[in-house]
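Undergrad: If you're matching them up, the sequences are chains A, B, C, D, E and F in order.
With the working numbering as the guide, the letters of the first sequence map in order to residues 1 to 337.
With the working numbering as the guide, the letters of the second sequence map in order to residues 1 to 337.
With the working numbering as the guide, the letters of the third sequence map in order to residues 1 to 337.
With the working numbering as the guide, the letters of the fourth sequence map in order to residues 1 to 337.
With the working numbering as the guide, the letters of the fifth sequence map in order to residues 1 to 337.
With the working numbering as the guide, the letters of the sixth sequence map in order to residues 1 to 337.
Please note that the accuracy of each hint is not assured.
Because identical chains share one entry, a pair is satisfied inside a single copy or across any pair of copies.
[What the hints assert, rightly or not] Heads up, simulated DMTMM-like pairs for lysine to aspartate or glutamate below, C-alpha to C-alpha not over 20 Å straight-line:
1. 315 x 69
2. 315 x 21
3. 38 x 258
4. 315 x 151
5. 77 x 113
What the hints contain is simulated information worked out from the structure, not anything from laboratory work.
Treat the numbers as computed from the prediction; the structure is a model and nothing was measured.
Spelled out, the chains give:
6 protein chains.
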Amino acid sequence: MPRTKPVIVPLNELTPGQCGDFFALLAERSRGATRDGKPFFTCRFRDRSRSVTCMVWADGPWYEVCERDWQAGHFYKLRALYGESERYGAQIEIHIIRPVADADQEDGFNPADFVEHSRHDGAAMWDGLRSLAETHIVDEPFRRLVTTLLDRHAGPFQRAPATLGKFYPFAGGLLEHTLSVTRLCLQLAEQFAARYPDLRPPLNRDLIVAGAILHDLGRVLEVSDDLVLPQPTIPGRLFGHLFLGRDLVRDTARELGDVNPELVQLLEHVLISHLALPEWGSPRLPLVPECLILHHADDLDAKLEMYVRCLSSDKADGPFTNRDPVLGRQLYKGRSI
Amino acid sequence: MPRTKPVIVPLNELTPGQCGDFFALLAERSRGATRDGKPFFTCRFRDRSRSVTCMVWADGPWYEVCERDWQAGHFYKLRALYGESERYGAQIEIHIIRPVADADQEDGFNPADFVEHSRHDGAAMWDGLRSLAETHIVDEPFRRLVTTLLDRHAGPFQRAPATLGKFYPFAGGLLEHTLSVTRLCLQLAEQFAARYPDLRPPLNRDLIVAGAILHDLGRVLEVSDDLVLPQPTIPGRLFGHLFLGRDLVRDTARELGDVNPELVQLLEHVLISHLALPEWGSPRLPLVPECLILHHADDLDAKLEMYVRCLSSDKADGPFTNRDPVLGRQLYKGRSI
Amino acid sequence: MPRTKPVIVPLNELTPGQCGDFFALLAERSRGATRDGKPFFTCRFRDRSRSVTCMVWADGPWYEVCERDWQAGHFYKLRALYGESERYGAQIEIHIIRPVADADQEDGFNPADFVEHSRHDGAAMWDGLRSLAETHIVDEPFRRLVTTLLDRHAGPFQRAPATLGKFYPFAGGLLEHTLSVTRLCLQLAEQFAARYPDLRPPLNRDLIVAGAILHDLGRVLEVSDDLVLPQPTIPGRLFGHLFLGRDLVRDTARELGDVNPELVQLLEHVLISHLALPEWGSPRLPLVPECLILHHADDLDAKLEMYVRCLSSDKADGPFTNRDPVLGRQLYKGRSI
Amino acid sequence: MPRTKPVIVPLNELTPGQCGDFFALLAERSRGATRDGKPFFTCRFRDRSRSVTCMVWADGPWYEVCERDWQAGHFYKLRALYGESERYGAQIEIHIIRPVADADQEDGFNPADFVEHSRHDGAAMWDGLRSLAETHIVDEPFRRLVTTLLDRHAGPFQRAPATLGKFYPFAGGLLEHTLSVTRLCLQLAEQFAARYPDLRPPLNRDLIVAGAILHDLGRVLEVSDDLVLPQPTIPGRLFGHLFLGRDLVRDTARELGDVNPELVQLLEHVLISHLALPEWGSPRLPLVPECLILHHADDLDAKLEMYVRCLSSDKADGPFTNRDPVLGRQLYKGRSI
Amino acid sequence: MPRTKPVIVPLNELTPGQCGDFFALLAERSRGATRDGKPFFTCRFRDRSRSVTCMVWADGPWYEVCERDWQAGHFYKLRALYGESERYGAQIEIHIIRPVADADQEDGFNPADFVEHSRHDGAAMWDGLRSLAETHIVDEPFRRLVTTLLDRHAGPFQRAPATLGKFYPFAGGLLEHTLSVTRLCLQLAEQFAARYPDLRPPLNRDLIVAGAILHDLGRVLEVSDDLVLPQPTIPGRLFGHLFLGRDLVRDTARELGDVNPELVQLLEHVLISHLALPEWGSPRLPLVPECLILHHADDLDAKLEMYVRCLSSDKADGPFTNRDPVLGRQLYKGRSI
Amino acid sequence: MPRTKPVIVPLNELTPGQCGDFFALLAERSRGATRDGKPFFTCRFRDRSRSVTCMVWADGPWYEVCERDWQAGHFYKLRALYGESERYGAQIEIHIIRPVADADQEDGFNPADFVEHSRHDGAAMWDGLRSLAETHIVDEPFRRLVTTLLDRHAGPFQRAPATLGKFYPFAGGLLEHTLSVTRLCLQLAEQFAARYPDLRPPLNRDLIVAGAILHDLGRVLEVSDDLVLPQPTIPGRLFGHLFLGRDLVRDTARELGDVNPELVQLLEHVLISHLALPEWGSPRLPLVPECLILHHADDLDAKLEMYVRCLSSDKADGPFTNRDPVLGRQLYKGRSI
């Protein structure tokens, strides 16, 4: 009699004591040592809504393969016994484990199921950003510089978080933040242009829009293009996203050949000074007013996302949230209006 | 034969050696002492475009009256001999001097001629600000709180500079800055309300608009209501404009009696935390997102005014401005686009 | 046959394995979640000298009532089984639980038994403070302002700690600290008045004494008037005790109507600047010498209390205390003289 | 006919155009160079109430002797023509000049006439300080340590200013400040001893009094013992008064031989930590409570002297003083009470 | 039948369940309390490569003796049952315990076996340092000062770590660091002497070499001379190694009597200013160029040791080390060249 | 009779009242306005050792040409009357003035006569630096990268100061500083390589040497290549020398094509992090030990030059220099050894 293929049960639907087949992300693999020096690994597997621990002891069956092959951020297919402990929470005992293979997609494996995403539609945001560039940058070669950069980095730009843990820390966050900042900048540019009609040269809207769209472009090189577990890259740590983004601008402008060099120079200055102060990460102070507009739009948009996320997800009793570790304060949530 | 009344010649039209009658502001009266201890006063009189010095020595004819009566910020009618010296510049020798009297208005005396003003029409700005309050604050008692405060302080609010030396340092500057910040806040509030439709309670636009309109209200008590030479007041120095403005809100709300106390409390919090950090002057950190919007609109508007003023008035050779003492940097002005 | 009423056994006298009836404070109720997302509560009940844990699991009998009704800071009557575990310490298993009722006082329930108090007699301290005001403030309306404020807030003023975790962090601490600071100020005022007899106006002793008595008055509004578990209030977090205390002064002076406005203004300035620097919490710098005296008396008294408490309670081996987290240093305790 | 001895006329009584004989302090001798490189000296001579300038040009008669011999801080007898100029103030043209000689005392020369002094009687203050040591230090050898140090440095201690330009910057200022701090410490020590009767070991009053008396002892070595023009010494700049004072204590204790070493050690610690923080000049943090008392008494006494001096000597119009450069603020002087 | 003496088994060779006799260092003894207030001790015993825990409960057999006698840093001979637990690691259950006695050396007890050492030969380093003094300090009495100080503190100087937890934190670290800094200083001194041949007086190489050799001499008094568990001393905490080292120099120079006082003064200045800034621990700024050379050699040598140790011992996956808590950064280790 | 050509007299040899022909650098041309608003220019002409002022008044003969044509940093041939005034120093009255022409070299005009130079021979330093690169960089393509960069910027590199006002502020200063830093780095690299033979990968000497040689390369683009009056450039201010130098490295490496990309990446990291901290100008922290060596060599060399220059040029009386405005301290110069 032919053996029937076992059914795939999502990890988050297993009941204590049940042994099932499921896909899971290895979210963490960290070394430890018992007090007498024996090494072990603490592994954490997860799907979208359940996270389970698996201790891999030096004298257990999985130690060698864990040390040699398993990598955080990779997906695995497991057969494992699920259990719950009051103290140690959900745990699994692995019976079989192998990396996910292409064929697993037939069984319904989809990496995107494992990732926290922006709530907004990626394609729509991307079209929105691209069309802001198309519509609002008047100088044609300069516009082409911006759209070329967007197109070349379209994939990672749409997948990346804005930051790994501060603001917009989820897939699509970079795009969502950039789109928001660009829209803010457009409005601010318009308002200030109307206020200072006599400034010579006038506020350069092309510069502001391009600066907004590209201000965090370097993030696509600063963290790995990994939807599931993005990590800082070597250039990311050695140089930072300000340098990396400005290099992309400089190289692409040189390659295109027809962009006004003065505009490129100003754009590069705007990019590296948009954090406003050396102690906030900008090697130079802003020397043109367009920087200021970008700086405030960027900072306000980032902070507001943090406030809203903190207020929306907080679970504390009482009228104040728990202390947000990035903001360093407890927000007031107990208001009725 | 009746003596003909002497003609009034503006100070700035006198030629060296000419003796004329003119009105002038005593812009400065400062004590000094010669190295052997004899006191004197250095007085500076000015009209709109010329400033002249008058040394008042202890053994001269004007010392007593200068010490006893003359006050900086007051206007005088003088008959004086005008002279120029290469080293010491324009000077006058006073023959007759008396304070300006009401009757002098017939001879064309107008204090407003002596003051630097906002380039914008005061009445139009005032109408603009008031109508923003009328239009955009939905809660009726809360709106009445704001308009009552505006109406009660309409005079000084329209005359005051935003600051004495940092940003918008000219008559009408407070109004111009407030109007600009309120418009910025309105746009930002709209954009963020659209971005975070699920936030509960949603961003409170009434709070943002009221906060913007009143954020520097305390300035009307912090400096003297003196078009010509506003000075810090005693309450201004002892308490600062954050406290003073928030007291006006608190007292007026109590007096009106029908304003939602929770809204008042939030507004007071927004006012005292809109400078964001203790070292920037805020006794508390912002605990609601509305503060952030006001803070960034305020800071951006103030800084941009400083940038534009510096770029527009700078006289330095070369592509950079002189170092702006408030901004602490030399701006880039040598760009063509 | 009538069932005899069970005897009340203090929690701290239960022996492992014993089931008893007792009163206890719910000192903490914090949410947690097992690794697979099941919520639970960790509750801590205590009496004066024993603290026990009770885990409330989602599938246990108390979860619902715990989530809905139990509140930290409230007292409960429990029937529970007491146990000790080497690792997890003292625990209880609840059989019956209900909030304390008025009738329980007949059985000996007294909330004050659960609280750490100042070692000094509250009534005596209160009389002391009040009589300092009566004796040393010469200006009658000004004295009435101070005593009125004291009388109106007599309850919370006597119950409140000076701070929740820094200095005098126990019931009655605010009063003990205030009394001590006032006595210090009196001595200092006397000494400096003698040193500077020619100062005009002389050091104002009324101002110093009133400032000392009222310098932390705002604390009564900054934390909840809860003997057992005081918590920051909403106004406390939104405005801080400097603002709140000064508002009490301002409102009461206005109400009384006969207090010298200049004295009130100086007192308000002293209150909001007594922390000396913006980064220490004062929105304004001290502009009159009386502030200095209050600032140093306050700071010295607070720091000395922390030193003495740290030295008296430290358990470390060796000549130095453990690092005090507030003071940020290890004090020297190993001296013989 | 015998030539009559010319009469000595005080410098401050000369009238313009008069040539007289007088004693004067050379208060300043600073080199300069004309724009084409010719050297000159600007010398300033003064008596108690008049200060006159004398330019010594390279091609004039006094250049050589000025360069070679004249020293700031020395007294001279001059015959000189006195003149006044509006711009350059009081000046003299020297006819004869020589250093003051012993015999000049017969003609009324007294250096003390040229110096700003403490308003208090030096001998009385000295007796006061010494008797505080005698009366309030119980441990006999420790008391002898303190009195020995006082006696050995009695001269400079009575002449020195507390600082050259910050607080008590006049002859006798060190003694006046020390006496005041010691009195403050005594009162504070008494008050705190009463508050913390259970502290073990109790607050050591001997330590506090000795610390107060000796806390600035190092000043006598930090500036030159020159009543007229004290200057920083080489050890003063290389080591600072904390080190220097503590060395005096250490050496003297070693020499006396009978002082309790633990007391000496504590005293040394109190001396080097009495400025409280490294950024304020203390290499170590205070680790015993006695330091705190000394620190606050010292800081309060110094700051109050600066406030009182600023308020008493300010000449500005209006209710606020000019900005005090050391305090960094404008004090409020316009109060009536 | 005579009982045979049990064999000594090193702690790190025991197998779970085995009971053995061994020597061990009591590395830590810290008090704890169960949640219901029962005291206990957590003791950690270790030899070179295994560390085991022993819980000493209040009702167990060892509590009294542990509280009364056991001291961290002392060695003990134990008979104990060894066990391993997945969660709590290696533990022992003590059967017999007594302090190590002299006679134990016959059984192979050697304290040095329990300590982390510099990888370099101590005697060779010491000879190296001494001969640098002999060879490179030209002034004979000054050289004698240095060698005398070295000889008098030879023992602790060779045993001490440079710091307890920052750089060179192991036995012999002070000597290794000092030798390295001295060699660096010699080279730098030579190079700069060649660069500035016209400086008067020239860079003083004697001063630089002596400063380098003695710059951390005070460490021998700042921590206890305990090879196994050095601890801060009382003078170490009250005064710090800058003061302590400079006192040794001062006292020894005075004792020797023939050292050039100007050299001693400069050396003392170099010692107390070699940390360059008050906030880095120097009470005075460097006023002679020799300080600079020492400061940079010292800082570079210390930082490089931290970098090398972090890079060599790090276990993190990926191209960056874990965050070093002292350096505050993650170093780049994933390079191939 | 033919008119004889007037003799050229150096400006610094003119005597008061003499009218002569001479070459001079226009070192400064700054606008001013008299108190009544008339514009004027203050011009400063100088040769090597004399500097003279020339006031150009609005109604004088030179105003127009001064405003239109004269430029600071250019050389002029003048015929002018020289005069000296006690108060205003050396001044000239211009009779004829024209820019220097090529033909003037025949009359002995040489711009180098007007500039402060490094005391060292430029060609020798250049050969020294180049040969350090040739000798000590082992990797051939990497060495070619360094020498190519040197050769391409040889001219400005030899002419530029290291900084405009902080250290090595004279022509040739950049080269002198770079050579010195490179030599220091070589020695330090050798010493540390010997100390840490087991580090993997070992300290990369190629990287250290290349980093040292190129660490300030960006200075050649940061200031204008003007021997006489170098000024910050636009890219210099917008980006700073760290960015500019690293771009040169990146572009040249890309062009050469054969340089190990990992080496280039490390070199770029070393360049942008060699200032160690963001607040000192480095956008990233040093993540490899080679950075540390360069940082300390650079900082020490710069500071020592400032110390030596201050000590060598100071003119103050007494044992301490005047306060150096960059170092912020008064150095000790009064030592004999």
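Undergrad: Against each hint, give a clear statement of whether it holds in the structure.
TA: Evaluation of the provided hints:
1. Taking CA atoms no more than 20 Å apart as the test, residue 315 paired with residue 69 passes between copies only; the shortest distance there is 16 Å, against 38 Å inside one copy.
2. For a Cα distance limit of 20 Å, the shortest separation of residue 315 from residue 21 qualifies neither inside one copy, at 33 Å, nor across copies, at 33 Å.
3. For the homomeric pair residue 38 and residue 258, neither the shortest alpha-carbon distance inside one copy (63 Å) nor that between copies (46 Å) is at most 20 Å.
4. Taking the closest pair of Cα atoms, residue 315 and residue 151 never come within 20 Å of each other, the shortest separation being 41 Å inside a single copy and 39 Å across copies.
5. For the homomeric pair residue 77 and residue 113, the shortest alpha-carbon distance inside one copy (14 Å) is at most 20 Å, but the shortest distance between copies (48 Å) is not.
Of the hints listed earlier, those the structure fails to meet are numbers 2, 3, 4, in rising order.
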